[in-house]
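Use the sequences and the hints to build the structure in full.
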Amino acid sequence: MPDWNEQIRQQLAVLKLAPAREAEIVEELAQHAEDRYRELQSSGATEAEARRITLEEISGHELLTRELEAVECTNAPEPIVLGAKNRAHFLTGLGQDLRYGFRTLRKSPGFTAIAMVALALGIGANTAIFSVVNGVLLRPLAYPDPDRLLNIFESNAEFGHYSVAYPNYLDWRRESHSFTDMGAFRSDDFNFTGSGEPEQVAGEYVSASLIPVLGVTPFLGRSFLPEEDRQGAACAVMLSYGFWKQRFAADRNILGRSLTLNAMNCAVVGVLPADFRFRENARVYIPIEQYNSVELRTRESHPGLGVIGRLKPGITIAAAQAEITSIAGGLSRLYPATNAGHGAAVVRVKDDMVGRIRPTLLLLVGAVGFVLIIACANVANLLLARSTARQREFAIRAALGADRGRVVRQLLTESVLLSLGGAVIGLLIARWGTSLVLAAAPGSLPRSGEIGIDPYVLLFTLVVSIVTGVLFGLAPAFHSANANPQESLKEGTRGAGGGRHRTEGVFVAVETGLAVILLAGAGLMMQSIWRLWRVDPGFNTRNILTTQFALSPKVMASPAAIQLAFQQLLERAAAIPGVQAAAITSLVPLGESDSENSFWPGTGPQPPQDRLTSALFYIVTPDYPSVMQIPLRRGRFFNARDNLASPPVIVIDDVMAKHVFPGQDPVGRQISLMVVGPVQIVGVVGHVKHWGLDSDDTNKIRDQMYFPVRQVPDKFLSEAVAGLTLAMRTGREPLSLVNAVRAQVAGPTRDQPIYAVQTMEQIISGSLAERRFTMLLLIIFAATALLLAAVGIYGVMSYAVTRRTHELGIRSALGASRSEIVGLVVRQGMKLAAIGMAAGLVAAVVLTRFMAGLLYGVRPADPSTLAVVILLLGGIALLACYIPARRATAVDPVVALRCE
Amino acid sequence: METQSIDREWKKGSAELLLLSLLETRPRHGYEISKLIEQRSQGALRFHVASLYPLLYRLEKRGWIQGRWVEKSGQRRRRYYRLTSQGRKVLASQREGWQTFVAAIGRITGVENA
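Going down the list, the protein sequences come from chains A and B.
The opening residue of the first sequence carries number 16 in the working numbering; numbering runs sequentially from there.
The opening residue of the second sequence carries number 593 in the working numbering; numbering runs sequentially from there.
Simulated from the structure, these hints should not be mistaken for laboratory data.
Even glycine gets a Cβ: it sits at the ideal position worked out from N, Cα and C.
Don't take every hint at face value.
[To be verified] Reference listing, derived: stretches of chain B covered by chain A, where coverage requires no fewer than 3 residues with Cβ under 8 Å from a Cβ of chain A:
1) 631 to 642
2) 647 to 653
[To be verified] Pair by pair, the computed Cβ-Cβ distance ranges are:
3) B:669 with A:122: 54 to 60 Å
4) B:634 with A:77: 27 to 33 Å
5) B:617 with A:407: 27 to 33 Å
6) B:617 with A:114: 48 to 54 Å
7) B:691 with A:59: 46 to 52 Å
Listed below in structure tokens is the structure:
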């Protein structure tokens with residue numbers, strides 16, 4: 016008779032059933048096969064036939080294995096039976112875990128509080144930085160289809176990107192086909208009068224096409240009509256939502272009302288939506304053709320005009336760039352005197368806004384990530400220590416039948432609970448931290464108005480906290496799950512196994528290493544700022560008060576009246592007690608603005624644009640060098656006699672003297688200026704670091720010229736007036752004079768407001784704002800890291816001492832001295848810290864290279880900075896080891912030995 | 593319709609009912625069950641090893657039937673299946689459902705209820 020058992024076993028082999036179950040099935044089926052075989056034979060089949068039929072029936076074309084697989088190998092749709100493993104059971108288990116977790120955490124409030132604070136610091140700092148990154152880098156601009164909006168700049172060899180000449184913009188707009196349309200804009204300040212106190216409000220001149228190009232629909236009223244954006248048209252104005260709400264109490268009948276701006280009567284035609292953030296502080300928008308200036312009509316002037324175009328669908332940025340380059344090329348052939356060498360460049364609006372800040376933010380993201388890892392390592396250490404204490408609890412659970420997975424799950428639930436708790440506190444820290452970040456970076460963060468806690472930030476926090484919880488919970492969880500119940504349940508067992516201590520050691524080393532990196536970053540930033548503060552800017556920055564001002568609309572009518580108003584203003588300012596000298600200037604060094612004029616040597620005709628040289632062009636009154644304390648090198652500065660009736664004069668700086676007249680005395684020589692014509696050099700003054708303490712040396716334009724306000728041609732005077740600054744050298748704290756200055760500038764007619772009042776030191780500190788912001792955050796992160804690392808080392812060492820009480824007691828009973836015991840403990844801790852610091856040093860050398868762009872006067876991986884970092888961290892680690900070591904010497908051998 | 597397809601189609605819907613019915617009166621082993629089905633259906637329905645045993649195991653897993661090894665003198669031991677009390681309830685409800693179904697089909701197709 017055939018061996019049915021073997022036949023069936025072969026068939027079932029693929030199912031890999033449990034051996035006992037397989038044997039049972041084989042036996043039962045073989046029995047059946049045998050019955051069937053016999054029956055077939057008794058009904059007359061031959062042996063071979065019977066065998067064939069039986070075999071066929073058994074296998075049933077693999078029906079048997081398929082069917083058995085469905086029944087035996089899956090938990091497929093089966094009715095719910097208590098005690099079986101299934102979803103419902105999983106959920107009950109989870110609820111149980113959560114309840115149990117809550118109870119355990121509540122039972123040890125000290126541990127829970129410390130762990131949550133550490134996690135809250137880590138998660139909060141990460142949330143704060145992420146909310147900045149989210150608002151600045153990730154969130155799309157608040158316009159429809161924002162990726163198709165491009166900034167279009169003029170460009171040449173001296174400047175990468177610079178402002179556009181209005182006639183060029185008009186030609187670009189007319190000739191290009193890559194854009195659905197283009198719009199132009201120019202920031203300006205407007206003297207808002209006729210509604211109480213005169214007030215200076217920030218605003219924008221915009222072309223009628225700009226708001227449609229941006230794709231913005233006004234909240235009230237309409238955008239400008241093309242006919243309102245023509246020379247000679249009646250003035251129209253659109254208001255920002257905030258301005259409308261604050262100044263006009265959100266009056267819905269505002270449309271058609273007339274406002275006096277720069278002595279023009281402008282009718283309100285619309286209010287922009289609340290989320291319109293074209294320029295964060297702009298409050299009024301006026302058609303650009305109302306900018307009544309010759310600057311707008313010539314291709315020579317580049318009066319701070321920006322241009323934005325919206326790409327047509329299907330056109331690439333590269334294609335638009337190619338087209339605009341060819342248009343600009345055509346213009347420079349057509350107008351060589353003004354346009355030779357001028358190209359045009361397109362950049363995505365968002366990239367232009369945030370591209371510069373991106374590396375800084377990414378650096379901070381990295382740094383803050385390290386802080387979180389350190390916090391995780393710390394909490395993991397705490398949990399490890401606790402899991403040892405709880406070993407008995409888990410041993411009992413295991414003895415009662417809990418499997419490893421169940422224990423791991425319980426512990427992970429607890430750690431995720433901890434991190435979620437940390438996340439809630441962290442969100443509060445983040446809210447506070449975000450405002451701190453913004454306060455630390457006034458003006459240096461683009462899109463700062465869009466930073467806040469939104470659903471993406473909340474999601475980020477949630478994900479980070481869950482991942483964190485699992486990460487720091489894993490090691491302790493597996494440690495507990497692997498504990499041997501028998502060992503743990505024995506009385507008086509001292510913590511089993513070296514595994515835990517190795518893990519702890521790794522955590523301490525990782526924390527220390529990451530702290531080295533963060534401290535190195537913070538140290539390098541501090542050195543850079545310190546060195547920058549010590550850079551000589553070329554003038555005395557102390558005790559200078561600067562303020563912008565507007566002249567009374569009444570004097571704007573005639574150039575003579577303007578000049579007289581300047582003179583009276585300066586006399587009144589100089590008479591203020593505490594003011595030693597006062598001057599008016601068109602530019603303030605280290606401020607945001609710059610203005611250039613092109614010149615050529617001699618008095619010959621103007622060479623083509625691409626052979627002209629540009630120099631910074633300061634228009635100032637005679638006392639400017641005394642206010643700023645810029646040294647006079649040769650010749651003289653201006654005086655009251657340098658006016659329109661006398662030959663035009665100019666003073667240059669020593670950089671320009673060396674550059675244009677190498678080895679010669681420039682005083683008495685003639686050069687020619689664009690717009691102004693030939694001028695005589697009457698003096699040379701010291702160079703001033705106009706572009707910034709750090710970047711002035713590398714700027715392409717370093718030559719500087721000073722031109723007297725009194726000699727500005729009449730037709731340019733009214734536009735030269737805009738944006739002038741009154742600068743005063745004071746004998747006392749400059750800001751204490753602000754009220755007196757406000758009263759004196761306002762004048763008898765009380766219609767000349769001052770605004771943007773700053774001391775020179777504030778301006779300099781503003782020029783360093785981005786670096787300072789990075790430095791401040793890195794210092795905060797590094798300090799947190801240092802604190803957490805110290806706590807981590809201290810915790811591990813304290814625990815080690817407690818664990819070794821018995822051993823240390825024996826040692827001291829055998830005659831080990833106090834210092835030997837201290838040395839023993841300190842050595843153990845410092846070994847871990849040293850490993851961490853060595854690894855951290857290597858990483859710091861690699862990673863600080865990424866911040867090279869933010870540094871000044873110090874190389875990444877600067878050895879002295881790293882040395883200080885190691886000393887600081889080493890000192891703190893030593894302290895963190897020493898305190899527990901001291902405690903170890905206090906162990907009374909008798910007590911230690913009795914505790915068994 | 594050919595016999596074989598009747599076999600396949602109807603077995604699917606009714607196999608559980610058939611098995612439970614056969615176990616209603618007394619415990620039986622697998623071979624006995626397959627023989628009974630064949631005989632009582634006069635050969636129209638046949639269950640072979642490949643479909644019968646997986647079905648038995650499934651019913652056993654659901655707790656409707658229970659298998660037990662029984663040794664009788666002079667024979668190899670056999671596994672007998674008996675109906676559990678849960679299985680009894682299932683059988684009653686399946687049987688009722690089946691009757692309703694057949695009656696409904698009968699009313700629609702005009703085939704007389706036997």
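- Message: To test your reading of the hints: which numbers does this structure violate?
- Response: 5, 7
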